[in-house]
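Please arrange chain P on chain V, whose structure you already have, making use of the hints.
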Amino acid sequence: MSSSHDPEAASAETSRATVRVDLPETFQAEIRGLARALPGLDYFAILGVSRAATADEIRDAFFERSKTFHPDRYFKKELGPYAGLLTEIYKRIVAAHDVLRDTKLRASYTRTLSDTTSSAKPSPFATRPKPAAKPAAATPGARGSSLRNRLGLQSPGLVLDSLQKQLEQSRARACKHFEAALGYKASGDWARAAQLVELALAFDPREKQYHEELAEILPRANTDRAADVRRKAELLLHGDRAGAAELLEEAAQLMPTDAELAHKLSNLLLAIGGDLAKAALYGERAVALDEDDLRFRKALAAVYRQSGEPQKARKHLQRAWELDPLDKEIRLALQTL
Amino acid sequence: MSRVIGIDLGTTNSCVAILEEGQPVVIPNTGGYKTTPSIFAVTEEGKRLVGHLAKRQAVTNAKNTVYAAKRLIGRSFDSPEVASFKSLLPYELAEGPNNDVRVRVAGRVYTIPEISGIVLREMKRVAEEYLGDTVQQAVITVPAYFNDAQRQTTRDAGRIAGLELLRIINEPTAAALAYGFGRDKTEVVAVYDLGGGTFDVSILQMGKGVIEVLATNGDTQLGGEDFDRRIVQFLLSSFKEKEGLDLAGDTMALQRLKDASEKAKCDLSQVASSEINLPFIAADAEENALHMSVVLSREQLEELTSELVERTRGIVQRAFDDANVSAAQIDQVLLVGGQTRMPLVQRFVAQLFGKTPHKGVNPDEVVAVGAAIQAAMLSEEKEGPLLVDVTPLSLGIATFGGHFARLIDRNTTVPTSRQEIFTTTRDNQTAVKIRVLQGESERADDNDLLGEFVLAGIPQGPKGGPEIEVTFDIDANGIVSVSARDLATGRAQSIQVNPRGTLSPEEIERLARQYDQGNEVAVKG
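As they're listed, the protein sequences go chains V and P.
When the letters of the first sequence are read in order and numbered with the numbering used here, they come out as residues 1 to 337.
When the letters of the second sequence are read in order and numbered with the numbering used here, they come out as residues 1 to 525.
Bound conformation, chain P alone:
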């Protein structure tokens, strides 16, 4: 029987792990690294690169190097998130036929699930090389606050990579699984997960071989990339002040600034100041070479980014409220995601939770390890830790006046079902449209539409008379079904909400086959 792997598909880096004889193992790639950059590139010669190779050539080939694709997953081309992100990208975005975002690399347009699929396929290959066997199934992690469209697109990416996803689990939950593995203590754990592109916080109750998610919250547009961007912007403005030249339009310069910023940021977690030296960054009007040399201190960095860290406070507070716990009741705080290495973040967390964060987990690997544990738990005859999960976002329907009627609150334990009675708003109304929405806004239009259907054949009568029972049902796999029944006639209508990615099953199949044939993707660790 082929093995099931756990993959942490990150914004900046990805990681793959497996349970070997009951012990989690993080699988190194051929270069010996335990994480692989989530980067895809096409060289001038038309060669496709993934991971470290793609990262190494990013500066000289910025236009054809795609990074941080996860920030675009499941988003529409005209969304504000994409608009704000676009201006800072060296690579080119294109609009897909369903208003989805795509990227143009070396003259070819790729969908986002394709790009993520290529990265996942690389992780699959790393595992296969290590195991000496093919791998067909995986558990993949996503930010806890991903919505259905984002999760579905991730699922599509898995299929394109030739992987059947047994389950998609949330990153902080995976981290908690890894932390709780082999530990039989009853305690409340908080996970503070500040990754490359997203922030999540989860509060979990552990004990007796069960891990129960009490609450989860997050921001899918806040992560290490934003810290880098703050530094880039600082460098751009100080260069402009000094040389009178704006580098914002120069793709190659931007890519160099981005790399240097990320490096300086990482250095500053260890040392008090870091020098950013970028010779020949530009040329002035007389074609004289201009160089950049800036010393950035940890203090300056903290000043530039403290607002970003501060933004997590309210999100953590909401998670406390939903879990019905206070900071004092948290027994352990886990730090996950590379950005939590920053001393400022660690101080902030210590202050916010009133205790020093746990030091025992590797923030880059712990999520993949948790995915591997869940993979083993689902696929093997083991009494592994059982995960009792919640639904991250509220679900409901649109009602009269554009209001959102919530049937299932966020952070409700799944599986679950909820019912509520609705009625008509016009006299002699014989049909109602049930629009299934996901989100936290009181206004229906601000939430995401998951699907809709019509219940017809309601007998004529005054408004407010008919009783229509709407039932929401979420199974353990997170699949949502909704039904509506007219209590007077028993007439009913239902749908299974299959959040559709932007690719059809046929397209996914075709892409999977194409990449299966494999020779066009040249990757070596």
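Just chain V, same shape as in the assembly:
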């Protein structure tokens, strides 16, 4: 809420008398009092009905409140800071009506109300039908509630209610996405399925079933995707080699346990004069995944030679030499080092 919706600010502004306000003083006071008290009022209090009210009583109460607080009633009037307050009050009246008119929402809302809440307090709404016949008394504890007010015009109870509703909505959404994901999974579209499970998790991060399903689907989706990316990378190898390297890197991220892939990427990065640190990283990965493949060792050594780290190059070459003492190429490389 912007500060213009703040009742304290409103009264301060009017008291400076710079803003003309075409509303009776008594009604102004009522609006200020209401805006202040609003956070502490439950929906029944907002409409001024008892918890046992019938549907007709709720409708009639909503209509009565509408006649007093609907902004259209004051369409041509100068309202100054009261315009915002009036709208906020009316929005809450609408929200109260939306919940209480619906049997299910009303039942679940009523359950969230603790028995000690506001119903015992005198209503800050002036008695109708004589509009604004008496100024609303400032509610006790106004300081505390006006602070909450600034934080968003909502009482903790109501925030809880709306959060709960949101949570339910989110869960329902998550569930929908998850079901769609299962459909794609059944048809073998792993990528789509993974995407939708992730979406479901974004809405409902705590659902165990989603995590389990994702654990199953994601590796397959990644394999599919990596294969796809790799195919594209192969196509680029003879043309846009930097582009190919990018694609290979994506594939390597998707398939962190594919030693060949890491090796290939490392080699390519070295060949095109790319990022040597990265080349070393993927070279190390290939070696770590398969310690006894001398191609990986040789390639990694070449990277380290290029990056000016002969110690590391020597280490890998020596290991390679142990693997195949007859390899002339390795011996030559060791000698030049």
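Possibly wrong hints are sitting among the right ones.
Said to hold, decoys possible - DSSO-like, lysine-lysine: derived pairs with alpha carbons at most 30 Å apart:
1) V:K176 with P:K463
2) V:K104 with V:K76
3) P:K185 with P:K359
4) V:K232 with P:K463
5) P:K63 with P:K240
6) P:K63 with P:K47
7) P:K47 with P:K34
8) V:K67 with P:K185
9) V:K104 with P:K208
10) P:K185 with V:K104
11) V:K328 with V:K312
12) V:K185 with P:K463
13) V:K76 with P:K359
14) P:K63 with P:K263
15) P:K463 with V:K208
16) P:K433 with V:K176
17) P:K208 with V:K77
18) V:K67 with P:K208
19) V:K278 with V:K312
20) V:K67 with V:K77
21) V:K76 with P:K208
22) P:K86 with P:K55
23) V:K278 with P:K463
Calculated directly from the structure, the hints in this document are not laboratory data.
Using the frame of chain V, we list chain P on its own:
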């Protein structure tokens, strides 16, 4: 203080009304008619005509006579609606710079808001002549199911006409306002509004001086014009069968067929059969004149158009569902729009709602009367009926995977605000784009984009971590604002969604001034 008028800007006809000493009055034009055809034409001599004069010369000047422009309002040139409509129009469409539809009349290209503006200006003039005073403000009605672009274009048309629009209200709601005026009964009313170009249905709760819209639904591409078209097509094919000649490419013949079809349709609401006689409609290869003479029975007409009427069933059902009422709970059904005069429509409605429709309102005038009542309610110190309205279409944002996350459902009472928490979908994502959409599709791309903005500066972190609170707010004027706030940092970003028409404010201003000078628009009732 100058008075505020209510205008029903219809597809085929427009109507203007005002509240005089608390009583609604429908203002007749200089020809004595209470409705004015929404038609604009330019004659061979370059004279501009509006209303009845434009309609009278339509047959001889079909190419330069624009009717049913409302069906093109707020639509893009390449939309399927325009494509299907285009082939049947005798006048020429042109593409505007923003992919908007324009029309070419006598060598000049007009925007759609301009054409509607010319019609509105005529309605304003009719009111001014009656009142003997200038009029600057109005309440205008639109189909309930118009989207934001269509409403905004209507607003632009009002400005071009030199009118400040206090409010745009929905046609069925206006009809209900007129019906409920001076009646203090608590009842549930359904409005079945089948006009020239659009169909709307609204369900309203009345009582205690308040009219609350419970639900509204509709189809912006279904109306009386479609009924006429069915007849035209029937005539074309029977002529082709008989004479072996296709008249579809002949603009003048088409215009004559259209007029004759509309007339036959209206006749058939009163009589059981109607003869369509069009002498010299075409010539054969030997230059012999060909005539058309067809007898159309009410039964045949009903057969041709029953599918159109049937199409409204599902729409009414959706409105029932949204309003959470059943047909049995409806106390009164109002028929609005000229097409509801058709006996087939009346039988259908009676069967659908299980009761005979209310007969007390004039389907051609009731919408303008309702607009006038709302105009008085907003502009005067009166305890007139208060209208509690809803937003007709759902609002939300686009989310990951091209989904549409709905924050405000259609038929939500306004003013209102709603919040929901969203999160990021990639690791270390530092910005989110909020795309504000309107529509009913689950797929974001199928809905209308109202605006977009970016919330940046989200601290880096794993995906799903940040909490971004998105708030939608609609005020009583229907203006939508959207804000997004990162709950961790408090960083926020917002926009007021000002649906932009295709004309800039400067262009609108220029056009308004141009038509203000007035001498180039020659109109006499």
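Evaluated hints:
no.	hint	in the structure
1	V:K176 with P:K463	21 Å, holds
2	V:K104 with V:K76	39 Å, violated
3	P:K185 with P:K359	17 Å, holds
4	V:K232 with P:K463	27 Å, holds
5	P:K63 with P:K240	23 Å, holds
6	P:K63 with P:K47	14 Å, holds
7	P:K47 with P:K34	24 Å, holds
8	V:K67 with P:K185	16 Å, holds
9	V:K104 with P:K208	26 Å, holds
10	P:K185 with V:K104	28 Å, holds
11	V:K328 with V:K312	20 Å, holds
12	V:K185 with P:K463	23 Å, holds
13	V:K76 with P:K359	35 Å, violated
14	P:K63 with P:K263	21 Å, holds
15	P:K463 with V:K208	18 Å, holds
16	P:K433 with V:K176	24 Å, holds
17	P:K208 with V:K77	23 Å, holds
18	V:K67 with P:K208	9 Å, holds
19	V:K278 with V:K312	15 Å, holds
20	V:K67 with V:K77	15 Å, holds
21	V:K76 with P:K208	23 Å, holds
22	P:K86 with P:K55	20 Å, holds
23	V:K278 with P:K463	24 Å, holds
The structure does not agree with the numbered hints 2, 13 stated previously, though it agrees with the rest.
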